[in-house]
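Here the protein sequences come in this chain order: A and B. According to my numbering, the first sequence is numbered sequentially starting from 1. According to my numbering, the second sequence is numbered sequentially starting from 1.
I should point out that these hints are in silico values taken from the structure, not numbers from a laboratory. Hints are supplied without guarantee of correctness; some may be wrong.
[Claimed, not checked] Below, in silico cross-link-like pairs of lysine to aspartate or glutamate (EDC-like), each with a Cα-Cα straight-line distance of 20 Å or less:
{"hint": "1", "chain 1": "B", "residue 1": "K136", "chain 2": "A", "residue 2": "D363"}
{"hint": "2", "chain 1": "B", "residue 1": "K130", "chain 2": "A", "residue 2": "D157"}
{"hint": "3", "chain 1": "B", "residue 1": "K80", "chain 2": "B", "residue 2": "E24"}
{"hint": "4", "chain 1": "A", "residue 1": "K377", "chain 2": "B", "residue 2": "E43"}
{"hint": "5", "chain 1": "B", "residue 1": "K95", "chain 2": "B", "residue 2": "D6"}
{"hint": "6", "chain 1": "A", "residue 1": "K377", "chain 2": "B", "residue 2": "E34"}
{"hint": "7", "chain 1": "A", "residue 1": "K191", "chain 2": "A", "residue 2": "E148"}
{"hint": "8", "chain 1": "B", "residue 1": "K82", "chain 2": "B", "residue 2": "E5"}
{"hint": "9", "chain 1": "A", "residue 1": "K111", "chain 2": "A", "residue 2": "E247"}
{"hint": "10", "chain 1": "B", "residue 1": "K130", "chain 2": "A", "residue 2": "D218"}
{"hint": "11", "chain 1": "B", "residue 1": "K82", "chain 2": "B", "residue 2": "E43"}
{"hint": "12", "chain 1": "B", "residue 1": "K130", "chain 2": "B", "residue 2": "D150"}
{"hint": "13", "chain 1": "A", "residue 1": "K377", "chain 2": "A", "residue 2": "D218"}
{"hint": "14", "chain 1": "B", "residue 1": "K130", "chain 2": "B", "residue 2": "D53"}
{"hint": "15", "chain 1": "B", "residue 1": "K59", "chain 2": "B", "residue 2": "E49"}
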Amino acid sequence: MAPGEPVSSFDPRRVRADTPLLRRVINERPITYLDSAASSLPPRAVIEAMSRYYEMRHANVHRGVYQTANEATAIYEGAREAIARFINAPAGANEIVFTKNATEGFNLLAKSWGHKNLKAGDVVLVSEMEHHANIVPWFQLREVNGIEVRFIPVNDDFRLDLTDIESLMEGVKLVSLTAMSNVLGTINPIKDLAALAHRHGALIAVDAAQSVAHSPSDVTDLDVDFFIFSAHKMLGPTGLGVVWTREAILDQMPPFLGGGGMIADVRVDGYTPANGPSRFEAGTPPIAEAAGLGAAVLYLEGLGMANIVEHERNLTSDALSRLASEFDGRVRVIGPSDTHSRGGVISLDVEGVHPHDVAQVLDQFAVCVRPGHHCAKPLMRRFNLAATARASFGPYSLTRDTDVLIEALHHALTMFG
Amino acid sequence: MSSLEDLYREVILDHYRSPRNRGELPSPPARRVEGFNPLCGDEIVVYLEVRDDVLVDIKLTGHGCSISQSSSSLMSAAVKGKPVSQVREIIANFKQLMMGHEATLGSDEAPTTADLRAMGELAALQGVVKFPVRIKCATLAWNTLAQGLDESD
Ligand SMILES: Cc1ncc(COP(=O)(O)O)c(C=O)c1O
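The shape of chain B in the complex, shown without the other chains (with noise of 0.2 Å):
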């Protein structure tokens, strides 16, 4: 059985509560991207501010429920003041630790204990997994980011 508290862990609550780096950033200079689930009607709007290859500065506003919104602001505190290419890699670690069922499978590896302790915080979301129909809420606000570094390139 998969637990509740497996899902709303107590850091995941705590970003619910009060996110982090909530708002916005005057765009231009900041990127504005937008990110939707259709399916919830989740929505999010990242600022992002690149300068020198740095994301100096990230700012969220949007609505949904609190796996979303916790994600947004667990990956705001992750990346930034994060060189593009190490904010890269905590994408890719990320969507790794998303795959997490599906990485048994395949011939992706599971996240190792390892790799879970290098990512902090953003570890609480591992529960995630175990709600298949959640994780698209988890990867709102990522592959919104995505999406922003992409474009800025």
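Isolated chain A (complex conformation) (with noise of 0.2 Å):
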């Protein structure tokens, strides 16, 4: 079966059933999982993959020469193949560093090719929707090298203003965008954008870690540059991200982190550092996470990334147009209010109750929602808003879920009303 391709067999029951958290009582109440956008749920094929690794492969990677320790290499650099696979890296492998996390990934971006790449005046385009790991990085580089950090704006209708967007590229070096807002679901034309910014000279990195698990990720198709995102926001363990860059891009920059695992060479005037991927990757890497991540991987394609999306979208125009018609607009969207070009992350503002109000109700309700700015300030501020209630759907969701969020909301509205 082809990644991406339609299986008629998908059934959110069953990823259910094979998500033990999804058994947990809180409260009296079975937990109605709403934060998916912060971090997925692991199905139990992630778990026991990293179970199996500590039990019966555990050995450092790349070094040993004895039978657990080729295993140990086999599964880390498995998933290295896997995730080059699931997006499709023209050049495979050789493509894919593993990071921390998304936010070390553009660390390692910034850092790494912007320190190399980019100088005093050069411009970074960013968006007012990005979250903080793609502002604060630029900010530190502007700190270092005096490179410019240019915001495109936001529309009223929570998609990117991109009206002026021919004038907004002059100087520009590096397009840096967000596949899918972590606020407002939003997601943005990425394709149409790496066509401009190549025509315009630009190089285009895109934040991945909303879109990788609610949307199929083709690196080839896209066009783009830098792809970077979480494993744990694709059903996969946390303390491992991923960076894909072109080889020749990759084998062009600097290393980031200095140590073991880098080097081709040390001596006692200097090093060498080692080419491809292991450049970046300097000490242990996260084996067992590795293994999670293989196996989210292989999960995911066994779902299908368009069943997927299909069952987002379906769980998503439900619960916007129940949002709109239950409350008598006491309870707010801040996003847009179908579901085209949008994920299914749904921001609330909710009229009298704070955001951590609305989350601490909700939770009496065992309904796990996130209150807070999200990392996003700079969007935040653009919808005078000092945080919102945003609850986000996984393969696992169901619209029983949405019964319970708009139960409990109802309850909120009461209580403080």
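Reassemble the complex: the two chains are provided individually, in unrelated frames, and hints are given to aid placement.
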């Protein structure tokens, strides 16, 4: 079966049964997990892959010659291959760098590629809807070498304002954008923006942290230059992130962290860095996590990304229309109101109830949503909000989750009304 | 199970819906102090006017959740017009109340019923202790006030 191909057997209830955490009962209610945008829940296959590594194959990678060390190396490198296949990397596993998370990925991009290739006055173009992970490393680079960080504004309809994009592109060397907003759910037209960036001689980096588990990721088709995400938002474990870039770019990037594993040679007078992804993977890597990520990719491929997209679109469409009709306008969705180019991340502004209080009342119903600024303070300022309460879907979500969410929201409104 | 009613007592909801001492004071003579909770984006501004070692007036602006807002309102009502030394005592007692969960582990005594009675309406915030992530919401205004008093020393 090709990745991304719809499979009629997709059944969210089976995904649910595969996900141990969803058996939890909290406050005498079954858990309603609506926080997949913060971190998704791993299926048993992922947890077992990690246990199997610790129980049967634990060894350091790339060094030993004994059986289990070879197996550990095969697991670790196998995860690289799985990711390369999953995102359709043109030159395969040689283009996949493992980091700690997406945040470290952006730091690698800014501190290695950016430091080498950007000089004072060069522009990095981001947007107002970026996560801090795709803002702060650029500000840090600005302190070092005087680059300019420019923002694409966001419209009142919660989408990028591209009316002045041609003039915004002046002097831009890198466009760095999220594929899907972790606050609004907005999906950005990455393929078009990649073409635009390249027409202006710029490269484009994509923050795929939100999109990777909720839409097919094909870096070859998108024709982008960097693609960065975290394992824990795609049913995998915490502690592991991915940076993909073209082999030709990767080969020219200076090392990031120094130490063991990233060298070809070390002498008393200096060192020579290794070639390929390992140049960026200093020290003992997260091997169990790679085992888990490899299993997560297989699991997602088994479900079929197209099926996941369709399932989550149905859930989102249903939730948006019920949130609009149930509350006489007292619950406002901060994000596009239809499912066109929009994922299953639903930020709520509840009249007269602070997001923290919303989340607290929802917790009583065992509903897990996230209150706060979601590490997107420029976006919050843009919409004059201190915080939102955010609900988000995963492949295991059901309409029943929305039922409980709505019941709990009614309770919050009554309590504070 | 910690119940919601423990947290959101009627007194708290009342102070949230109709906060006392809301507004600004001309500064100077009043001192203006800002407090932030970077985790949840709560912001508070405390205006305090100290004359002859008495906190003659206090006003508050800002935004935040029901716990931070009601706590600041309850605080303003408890400290307004009191001698600074007594205000410091009230702050210390309140912080003691918020450490309730730690008090049993450390050497600090948990607040007694008598202590609670002496705290009046403030005791309504006692339920917050059962919700550790909300303690920062409850203490924001108090820390800001304490900072303001220290600066005016
Ligand atoms: C859009 C986006 N980018 C980046 C990140 C950072 O991911 P991580 O915290 O795993 O580094 C997140 C997750 O919070 C996100 O939603």
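These are the hints, each one checked on the structure:
1. B:K136 <-> A:D363: Given pair B:K136, A:D363 holds - Cα atoms ~18 Å apart, limit 20 Å.
2. B:K130 <-> A:D157: The given pair, whose Cα atoms are some 40 Å apart, is violated under the 20 Å limit.
3. B:K80 <-> B:E24: 14 Å, holds
4. A:K377 <-> B:E43: Answer holds: A:K377 to B:E43 is near 14 Å, not above 20 Å.
5. B:K95 <-> B:D6: 18 Å, holds
6. A:K377 <-> B:E34: Status holds; Cα separation ~19 Å.
7. A:K191 <-> A:E148: Given that 20 Å is the threshold and the Cα spacing comes to 24 Å, the pair is violated.
8. B:K82 <-> B:E5: 31 Å, violated
9. A:K111 <-> A:E247: The hint holds at about 18 Å.
10. B:K130 <-> A:D218: Violated: B:K130 and A:D218 sit about 47 Å apart, past 20 Å.
11. B:K82 <-> B:E43: Judged against 20 Å, a Cα distance of about 25 Å means the pair is violated.
12. B:K130 <-> B:D150: Between B:K130 and B:D150 the Cα gap is close to 30 Å, so the pair fails against 20 Å, i.e. violated.
13. A:K377 <-> A:D218: 29 Å, violated
14. B:K130 <-> B:D53: The given pair, whose Cα atoms are some 35 Å apart, is violated under the 20 Å limit.
15. B:K59 <-> B:E49: With a Cα-Cα distance of about 9 Å, the restraint between B:K59 and B:E49 holds, given a limit of 20 Å.
When the structure is compared with the earlier hints, violations turn up for hints 2, 7, 8, 10, 11, 12, 13, 14 and for no others.
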